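*Asks:* Sequence:
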Amino acid sequence: MKYLPIAIFILLLSCKQKTAVVTAHTPTDTATQEWTIYEDENIPSDFCQDSVLYQDSTRRLEVSLVYAYPSSGPYKAAFRKLITDAVEPQLQRFAKHVDMPDVNDEPDLPYEELNHNFFDVHPSNCFQDKNIISCRFGVSFMAAYGIHAINSLQSFTFDKQSGKRLYAREYFDLGKHENANTLISLLDKDYKALRLQMTDTTPAKFYHLDSIDFVVQPDAIIFSFSDYALGQGPSMLASRIDKRQLSKIINSRYK
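Positions -20 to -1, 1 to 235 (mature numbering (1 follows the signal peptide of the UniProt record, and there is no 0)) are the ones given, in order, by the sequence shown.
In case anyone wonders, no lab produced these hints; they're calculated from the structure.
Please read these numbers as outputs of a predicted model, since none were measured by experiment.
Careful, some of the hints might be misleading.
[To be verified] Below, simulated DSSO-like cross-link-like pairs (lysine-lysine); rule was C-alpha separation at most 27 Å, straight line:
{"id": "1", "residue 1": "Lys144", "residue 2": "Lys156"}
{"id": "2", "residue 1": "Lys223", "residue 2": "Lys156"}
{"id": "3", "residue 1": "Lys156", "residue 2": "Lys228"}
{"id": "4", "residue 1": "Lys223", "residue 2": "Lys235"}
[Stated by the list, open to error] Taking CB as the label site, the calculated pair distances span:
{"id": "5", "residue 1": "Ala57", "residue 2": "Lys110", "range": "17 to 27 Å"}
{"id": "6", "residue 1": "Gln225", "residue 2": "Tyr147", "range": "15 to 25 Å"}
{"id": "7", "residue 1": "Thr38", "residue 2": "Lys228", "range": "50 to 60 Å"}
{"id": "8", "residue 1": "Ser52", "residue 2": "Ser165", "range": "16 to 26 Å"}
{"id": "9", "residue 1": "Ala57", "residue 2": "Ala184", "range": "31 to 41 Å"}
{"id": "10", "residue 1": "Tyr147", "residue 2": "Lys110", "range": "17 to 27 Å"}
{"id": "11", "residue 1": "Ala57", "residue 2": "Pro24", "range": "14 to 24 Å"}
{"id": "12", "residue 1": "Lys56", "residue 2": "Arg233", "range": "16 to 26 Å"}
{"id": "13", "residue 1": "Lys223", "residue 2": "Lys76", "range": "37 to 47 Å"}
{"id": "14", "residue 1": "His188", "residue 2": "Pro214", "range": "13 to 23 Å"}
Each residue gets a CB set at the ideal place from its N, CA and C atoms; glycine is no exception.
With the hints as constraints, model all of the structure from the sequences given.
*Replies:* In structure tokens form, the structure reads like this:
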């Protein structure tokens, strides 16, 4: 039995929690439990969410995209665009990867019983103050015959004054050797054993200090590491560090 090229597409725009219109298949093939990556999906009241959920039967692809961004103010559209401009090309690349000719490998099964490809995005740990907007997104995808999902943690911090994304090298003053060493020492509390296994790299390169993923919270900063980022295999990791321990290395503009 062949399946017609049908895509079911639903866009929900609202300032409410995600509504399950089609069943979301979020891959959970990760060795790390949610609490260990400090995931807080209780989006603050000054943020809203919208969802893009659809099924594409030609690719056996199920997609769940949930975006979070400020519910009002002049930065609402710009922050949402920052997220979609980063996420949607990843979806396009994945869809192209799974867009292969029909090989009739399971011709007699109904669509619901076939192996599917999944792409999932959901927000967590959102926060804003007078200077910045910061939010982290979990991005997961899995090919129908993949061994496990590929999971990443992708954080976006937005400078309200410049209207641009802030990277670690701008939010933190890591140009000074002592500041970089401070962050390395704090991360070593969780990952020194992993770092010492990687003898062919420096601590700064091991932690990707110039581009390290970070999300700002009211009293802390969470540094996130996606699957394989620290040589740890298919598991996501994160360190939550009190801002007081980082005060000397945060750019004075953002304190």
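*Asks:* Decide, hint by hint, whether the structure agrees.
*Replies:* Hint check:
{"no.": "1", "hint": "Lys144 - Lys156", "in the structure": "holds, 24 Å"}
{"no.": "2", "hint": "Lys223 - Lys156", "in the structure": "holds, 18 Å"}
{"no.": "3", "hint": "Lys156 - Lys228", "in the structure": "holds, 11 Å"}
{"no.": "4", "hint": "Lys223 - Lys235", "in the structure": "holds, 9 Å"}
{"no.": "5", "hint": "Ala57 - Lys110: 17 to 27 Å", "in the structure": "holds, 19 Å"}
{"no.": "6", "hint": "Gln225 - Tyr147: 15 to 25 Å", "in the structure": "holds, 21 Å"}
{"no.": "7", "hint": "Thr38 - Lys228: 50 to 60 Å", "in the structure": "holds, 54 Å"}
{"no.": "8", "hint": "Ser52 - Ser165: 16 to 26 Å", "in the structure": "violated, 40 Å"}
{"no.": "9", "hint": "Ala57 - Ala184: 31 to 41 Å", "in the structure": "holds, 36 Å"}
{"no.": "10", "hint": "Tyr147 - Lys110: 17 to 27 Å", "in the structure": "holds, 20 Å"}
{"no.": "11", "hint": "Ala57 - Pro24: 14 to 24 Å", "in the structure": "holds, 18 Å"}
{"no.": "12", "hint": "Lys56 - Arg233: 16 to 26 Å", "in the structure": "holds, 22 Å"}
{"no.": "13", "hint": "Lys223 - Lys76: 37 to 47 Å", "in the structure": "holds, 41 Å"}
{"no.": "14", "hint": "His188 - Pro214: 13 to 23 Å", "in the structure": "holds, 18 Å"}
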